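Top to bottom, those sequences are chains A and B. Just add 61 to the spot in the first sequence (first one is 1) and you have this note's numbering. Just add 6 to the spot in the second sequence (first one is 1) and you have this note's numbering.
Just so you know, these hints were derived from the structure itself, not from any lab. Hints are supplied without guarantee of correctness; some may be wrong.
[Claimed, not checked] Derived lysine-lysine pairs resembling DSSO-like cross-links, with alpha carbons at most 27 Å apart:
(1) 89(B) / 259(A)
(2) 140(A) / 89(B)
(3) 82(B) / 117(A)
(4) 37(B) / 146(A)
(5) 18(B) / 82(B)
(6) 140(A) / 82(B)
(7) 89(B) / 117(A)
(8) 37(B) / 58(B)
Small disclaimer: the values here were computed from a predicted structure and weren't measured.
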Amino acid sequence: MERAAEIELARQLLAGDPEAFDRFVDHFRAKIFHYSQIVCGHREDAEEVVQETLLKVFENFDQLRDPEHVRAWVFRIAKNACLMKRRKSVYAPRQELSLDEFLPAMGADGDPVKIEIADWSGIPENGVLRSELQHVLEDAIANMPEIYRSVMLLRDVEELSTEETAQVLDLNPDAVKTRLHRARLLARRTLDTYLRAKPQPVEEN
Amino acid sequence: MASHQHDENCKKMFALLSEYLDLELPAETCKEMAAHISGCGPCSAFTESLRKTIDLCRAYQPQELPAPIARDARQKLLEAYQKMLTSRRS
């Protein structure tokens with residue numbers, strides 16, 4: 062569903078139009094489920110978070126001040142529901158990962174031309190490789206430290222703005238940017254490793 | 007010496023790449039970065055791979071869906087919605 066259609070549904074519900082109810086429930090159930098499954102890490106927890114979040118959403122729908130931000134508003138409620146469920150991760154880094162960790166390895170003599178990056182130019186829009194990469198990406202996100210995972214889900218998958226993400230997660234916008242960059246670097250590195258391990262297609266002459 | 011300089015520049019770019027791709031940098035910084043990236047093979051390849059990582063995220067459609075919602079669960083939500091409407095009106 063397009064963002065605009067989602068905002069329209071929220072407007073209809075605020076205006077008391079029950080026609081929008083089922084569509085709103087079905088649309089956001091899938092979104093909240095996906096977010097909370099990745100954040101909580103357990104399917105049963107995620108199913109509960111979906112119901113708890115939607116209940117809070119409808120109980121407090123009149124507190125949604127701006128339908129334009131309905132997605133961020135719902136995710137903020139979902140985030141709080143997840144926090145109640147979450148088993149504390151022992152992998153949460155105490156401080157941000159250093160950027161130096163992500164610099165691609167140089168060639169033996171430090172020549173940056175020999176930098177080790179896979180060939181990303183041939184990634185197709187559709188097809189087997191694309192869907193393989195989607196799976197690798199899903200694993201990469203699921204295995205990230207939690208502080209990076211939520212930012213990447215909200216910014217790059219759900220396409221919330223930096224400010225909206227900051228509001229959902231109670232962070233300042235600079236922290237969102239810092240974490241998003243590291244999350245993307247982590248995901249990129251996993252995808253790059255996967256691509257490099259794949260046999261290269263034979264070029265036809 | 008020149009190659010060291012080059013390396014430092016790349017590192018500076020590297021820290022700002024996400025903001026560069028999100029168009030969140032001041033125009034001047036953006037222009038400087040575009041100029042550097044277009045003239046630097048490794049930075050250009052890296053930027054492209056980061057851009058494609060973001061594209062893959064945006065195109066991502068989760069395969070797994072929640073179990074179908076039970077009738078009484080949906081009813082509970084509908085009641086919460088109707089109650090909210092009633093209390094707002096009163």
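Which numbered conditions among the earlier hints are violated in the structure presented, ordered from lowest to highest? Violated hints (numbers, rising): 1, 4, 5; every other hint is consistent with the structure.
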